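Since chain A is already given, all that's left is putting chain B with the ligands on it; use the hints.
In order, the protein sequence lines correspond to chains A and B.
Counting in this note's numbering, the first sequence runs without a single skipped number right up to 526 at its last residue.
Counting in this note's numbering, the second sequence runs without a single skipped number right up to 755 at its last residue.
Think of the hints as simulated: they come from the structure by calculation, not from any bench.
Since the structure is predicted, the reported quantities are computational estimates derived from the model, not experimental observations.
Glycine included, every Cβ here is placed at the ideal spot set by N, Cα and C.
Please note: incorrect hints may appear among the correct ones.
Computed spacing ranges between beta-carbons, pair by pair [unchecked claim]:
#1 A:413 - B:280: 23 to 31 Å
#2 A:291 - B:634: 50 to 58 Å
#3 B:634 - A:437: 58 to 66 Å
#4 A:386 - B:745: 17 to 25 Å
#5 A:277 - B:726: 51 to 59 Å
#6 B:643 - A:315: 47 to 55 Å
#7 B:653 - A:462: 41 to 49 Å
Derived DSS-like pairs: lysine-lysine, alpha-carbon spacing no greater than 27 Å straight-line [stated by the list, open to error]:
#8 B:753 - B:285
#9 B:753 - B:674
#10 A:282 - A:335
#11 A:395 - B:674
#12 B:753 - A:335
#13 B:285 - A:395
#14 B:753 - A:282
#15 B:285 - B:674
#16 B:563 - B:405
#17 A:451 - A:467
#18 B:405 - B:337
#19 B:395 - B:405
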Amino acid sequence: MSVITLENIKKTYYLGDNTVNALRDVTLNVEEGEFVAITGPSGSGKSTLMHILGCLDRPTSGKYMLNGNDVSGLPMEALAEIRNRQIGFVFQGFNLLPRTTATENVEVPLLYSRPVLTSAERKDMALSALSSMGLADRVDHHPSQLSGGQQQRVAIARALVNNPAIILADEPTGNLDTKTSIEVMKLLQELRKEKGITIILITHEPEIAAYGTRIISMRDGLVVSDEANTPREDFDETRTAYKAEPVVAAAAVE
Amino acid sequence: MLINLRMALKALLQNRLQAMLTLSGMSIGVAMVVLVSGLGLGAQQQIESQIESAGPTLITVKAGNFRPPSITTNGQQDNSGGELAEGSMSEDDLSNEWAIEEDAALLAARERITAVRQTKNRSPAWLLRKEERSYIIGNVSNIRAVASSIAGNVTMGNNPGIVMRTANIYGFESAWPEMHSWELQDGRLISAAEHESGAPVMLITRAVAERLWPQQPALEQTLNIAGTTLQVVGLIEDGEATGSSIIVPRLYIPMALAQTLLGRTDYDEIKVRSNSVANTTEVVNAIKTGLRELRQIPEDTVDDFRVESQSTSAMPSMGMDPRLARAVQSNIVEFEQEAWEEMALSLRQAGRTFTLLLSAAAAVSLLVGGIGVMNIMLVSVAARTREIGLRMALGARMKDVLMQFMVEAVTLAALGGLVGLVLGAGGLYIASNGLQWATAINPSMFMLSITMAALTGIIFGFGPARRAAQLDPVVALKSE
Ligand SMILES: Nc1ncnc2c1ncn2[C@@H]1O[C@H](COP(=O)(O)OP(=O)(O)O)[C@@H](O)[C@H]1O
Ligand SMILES: [Mg+2]
Numbered sequence: 273m274s275v276i277t278l279e280n281i282k283k284t285y286y287l288g289d290n291t292v293n294a295l296r297d298v299t300l301n302v303e304e305g306e307f308v309a310i311t312g313p314s315g316s317g318k319s320t321l322m323h324i325l326g327c328l329d330r331p332t333s334g335k336y337m338l339n340g341n342d343v344s345g346l347p348m349e350a351l352a353e354i355r356n357r358q359i360g361f362v363f364q365g366f367n368l369l370p371r372t373t374a375t376e377n378v379e380v381p382l383l384y385s386r387p388v389l390t391s392a393e394r395k396d397m398a399l400s401a402l403s404s405m406g407l408a409d410r411v412d413h414h415p416s417q418l419s420g421g422q423q424q425r426v427a428i429a430r431a432l433v434n435n436p437a438i439i440l441a442d443e444p445t446g447n448l449d450t451k452t453s454i455e456v457m458k459l460l461q462e463l464r465k466e467k468g469i470t471i472i473l474i475t476h477e478p479e480i481a482a483y484g485t486r487i488i489s490m491r492d493g494l495v496v497s498d499e500a501n502t503p504r505e506d507f508d509e510t511r512t513a514y515k516a517e518p519v520v521a522a523a524a525v526e
Numbered sequence: 276m277l278i279n280l281r282m283a284l285k286a287l288l289q290n291r292l293q294a295m296l297t298l299s300g301m302s303i304g305v306a307m308v309v310l311v312s313g314l315g316l317g318a319q320q321q322i323e324s325q326i327e328s329a330g331p332t333l334i335t336v337k338a339g340n341f342r343p344p345s346i347t348t349n350g351q352q353d354n355s356g357g358e359l360a361e362g363s364m365s366e367d368d369l370s371n372e373w374a375i376e377e378d379a380a381l382l383a384a385r386e387r388i389t390a391v392r393q394t395k396n397r398s399p400a401w402l403l404r405k406e407e408r409s410y411i412i413g414n415v416s417n418i419r420a421v422a423s424s425i426a427g428n429v430t431m432g433n434n435p436g437i438v439m440r441t442a443n444i445y446g447f448e449s450a451w452p453e454m455h456s457w458e459l460q461d462g463r464l465i466s467a468a469e470h471e472s473g474a475p476v477m478l479i480t481r482a483v484a485e486r487l488w489p490q491q492p493a494l495e496q497t498l499n500i501a502g503t504t505l506q507v508v509g510l511i512e513d514g515e516a517t518g519s520s521i522i523v524p525r526l527y528i529p530m531a532l533a534q535t536l537l538g539r540t541d542y543d544e545i546k547v548r549s550n551s552v553a554n555t556t557e558v559v560n561a562i563k564t565g566l567r568e569l570r571q572i573p574e575d576t577v578d579d580f581r582v583e584s585q586s587t588s589a590m591p592s593m594g595m596d597p598r599l600a601r602a603v604q605s606n607i608v609e610f611e612q613e614a615w616e617e618m619a620l621s622l623r624q625a626g627r628t629f630t631l632l633l634s635a636a637a638a639v640s641l642l643v644g645g646i647g648v649m650n651i652m653l654v655s656v657a658a659r660t661r662e663i664g665l666r667m668a669l670g671a672r673m674k675d676v677l678m679q680f681m682v683e684a685v686t687l688a689a690l691g692g693l694v695g696l697v698l699g700a701g702g703l704y705i706a707s708n709g710l711q712w713a714t715a716i717n718p719s720m721f722m723l724s725i726t727m728a729a730l731t732g733i734i735f736g737f738g739p740a741r742r743a744a745q746l747d748p749v750v751a752l753k754s755e
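With the rest of the complex left out, here is chain A:
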């Protein structure tokens, strides 16, 4: 079954007299359980596509079917509910609330759940999401007390806590060192395998894209290639130093 169907999606930004065609004409179909890696050079429209897929933004034209429902014309209030129930976001900068415990961070999506959850229910759900990410002993830590990898796992726990159908990850390894990046990619792979969650990963690094079951390349707002991939199961970090060494910035939300 198709989780995502995009038909002739266009997104145009108007900046004064200039118009920027961030997405020219994207038609795409993603099946349940796929791990799609979207790559492309900077400015090719990856993030724009991701915002539309994540219902954070609406396309200028075209049709977006999510789980069989047309969401392209829905008002922002309805999109908020879809984001809350069906989509889990993982960001490059983790986007955790500072001076707030891991548990409370994971609880944030649950604050906006309808029907309303009790604080006990929220806490239970947050704790089990955290322990599934191997963070059972870090639940009361603040982001500043966690390593970059741990922070990103808290963020993944937060993305998972509402049992979404899709996880959208925009450069999730961008702030992580090689070793930690591999851990995070393995985690995402496990999620796909064990829970059947559809994962859409945006990265400009081919080595990271290699973890997907399908690799889409974009250029100038268009899909230029779309190929099935045998996901990389293990990664020999000594073979390809794909990244200049650790650039850990615990960029939390300030």
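Only chain B with the ligands this time, still in chain A's reference frame:
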């Protein structure tokens, strides 16, 4: 809601210094509101009580018909005492005479002329009886208190060391001291229960106390009066005490006891306090009508009692020419009413102006406080744009974000309000106890000030909160 409150407190704690500054701004505004309402209300109450105490609300009912001669409609004094021609004119005669075009004034004049003339006197006048006192209490509306008095001389019993043989005993009821502004100087007044039962207790003036017991304190001393032993329970200052002399000391005692000692069941005076200046005339008239009816006074007979309001009775003692006094007196009730109402109106207006000015000052300080709240909220929204974007991505709707920031603004304002309440109450305390200003404190004031603070939070928090709610999640997420 609770979670919003927790989030709000957390956010405020993270911005401690700014929050404190804003909070103090708010608290000054609210303290002003509390002070203003306390002072304004106090001033108005003072004005009311001044109007009240200056105005004629005290009515005296006395037996006896020592009325000044009535005055005819053309202003001529009617001294004849006999039947006047007008009184004997029949209504038919008049309507024939003035059949055409009578205006209201003429009509009223005609009615006065054709009314039965009260020319007869009843002698002797009836005394003031218990039923009449009960009638006033039970049937006359707009009265606040009723108290009667009685006075008379009795022979004292044997009191060792005291040379006086006669005492002037003065029976009164519990509302009496307040009506006469008696000042308690020592001990206590006589309780309502003691008045009721006729307990053997008495009040005396200091002058009398010094005469009776020059060597010792008078309190708790006893006197034998015609076989009854009375104990002094209080010393008073009675400005009007005229019945006391060095030879015949006046003893103020419960009404029931005085009646027993004097062997009487009637009263010398019944005093009535109307509940406001505006109602005095009405009360006077109601008492007159009621007593005439009770006493079954025929239409052609003058009252055998007097009902006077305070200024009516004060008039002759003001040194007014007796002829003028007489002329004024027949219209005094209406005159007083209008004069007092005018004075009361201008005083009340002055009070309102005062309160209005103070309120304007309070409103300005609240406004300043509100601008402070708005400022910190704008800063807070700007600083947390990314958090807002994140919350939106995770499912927060516009109204969730709106609510989060509204709760934050209202929490801040209400906390400021609480502090302001304490400051304002403290200020009022100093104003009333230190500066001796007229203040008033009532609980609704505190509710008002907290409500005003919360309202300020709502009004000034709304702009920033709406700005937060209307952020584009994509843009907000990208912000640093
Ligand atoms: N809010 C915006 N307003 C105007 N232009 C935008 C906006 N967001 C993105 N763009 C433009 O759209 C194009 C695609 O951007 P983006 O999707 O962020 O690319 P990528 O994520 O692949 O680097 C770029 O040219 C970018 O400048
Ligand atoms: Mg991008």
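Now for the hints, and whether the structure bears them out:
no., hint, verdict
1, A:413 - B:280: 23 to 31 Å, "holds, 24 Å"
2, A:291 - B:634: 50 to 58 Å, "holds, 56 Å"
3, B:634 - A:437: 58 to 66 Å, "holds, 59 Å"
4, A:386 - B:745: 17 to 25 Å, "holds, 21 Å"
5, A:277 - B:726: 51 to 59 Å, "holds, 54 Å"
6, B:643 - A:315: 47 to 55 Å, "holds, 49 Å"
7, B:653 - A:462: 41 to 49 Å, "holds, 45 Å"
8, B:753 - B:285, "holds, 24 Å"
9, B:753 - B:674, "holds, 21 Å"
10, A:282 - A:335, "holds, 9 Å"
11, A:395 - B:674, "holds, 24 Å"
12, B:753 - A:335, "holds, 25 Å"
13, B:285 - A:395, "holds, 18 Å"
14, B:753 - A:282, "holds, 21 Å"
15, B:285 - B:674, "holds, 20 Å"
16, B:563 - B:405, "holds, 16 Å"
17, A:451 - A:467, "holds, 24 Å"
18, B:405 - B:337, "holds, 13 Å"
19, B:395 - B:405, "holds, 26 Å"
In the structure shown, no violation is registered for any of the earlier numbered hints.
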